[in-house]
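Okay, so the sequence shown: first residue is 36 according to the working numbering, each after it adds one.
Calculated from the structure, these hints are not laboratory results. Remember, it's a predicted structure, so these values are computed and weren't measured experimentally. Heads up, some of the hints might be wrong.
Claimed, not checked - Result set (DMTMM-like, lysine to aspartate or glutamate): computed pairs, CA atoms no more than 25 angstroms apart in a straight line: (1) 132 with 146; (2) 75 with 37; (3) 46 with 69; (4) 132 with 156; (5) 73 with 37; (6) 163 with 187; (7) 125 with 111; (8) 99 with 111; (9) 88 with 111; (10) 88 with 114; (11) 125 with 85; (12) 125 with 114; (13) 132 with 85; (14) 75 with 85; (15) 132 with 111; (16) 39 with 85; (17) 83 with 114; (18) 99 with 85; (19) 83 with 111; (20) 39 with 50.
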Amino acid sequence: MEIKVLSRQGKSIREIARMLGVSRNTVRRYLVQERLPKYKARAPRSAKLDPFKGYVRQRVTQAKPTWLPATVLLREIREQGYPGGISQLKAFLAPLKPAGREDAGPVVRFETEPGRQMQVDFVVFRRKQQPLSAFVATLGYSRMSYVHFVPD
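All chains, please: the whole structure from these sequences, using the hints.
Shown next, in the form of structure tokens:
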């Protein structure tokens with residue numbers, strides 16, 4: 036459509052091709068056509084995972100309400116001869132995974148009296164050659180946090 040508009044504005048084929056980054060033959064072809072081309076939908080290609088999809092669906096259904104990690108399913112289907120990797124399996128599992136836990140019920144906060152509890156943790160951030168560590172302390176009542184970064 037843009038090619039036809041530029042042509043009506045008086046632009047040459049060479050100028051249109053340069054502006055749009057296409058060949059001159061492409062510009063000529065679209066100027067000759069009466070209508071825009073209609074493309075057919077491509078036939079779906081078979082994937083390495085296709086023969087194992089039934090088994091994966093069955094395992095996911097059997098394991099409910101527990102969710103099986105993709106690594107566990109990958110190990111199982113590799114024993115059956117699956118030659119592919121984990122990315123295809125994860126893409127297939129994504130729509131099957133439940134969005135949230137319906138059976139979990141309402142979230143109940145763990146409440147403590149003031150001054151009775153503090154949770155502490157030590158975290159390491161991987162930053163290539165120089166990891167950075169942090170000491171984190173959180174008070175149970177106010178949820179106030181203290182963070183202290185250290186090089187090691």
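Unmet hints by their number, sorted upward, for this structure: Violated hints (numbers, rising): 1, 4 and 16; every other hint is consistent with the structure.
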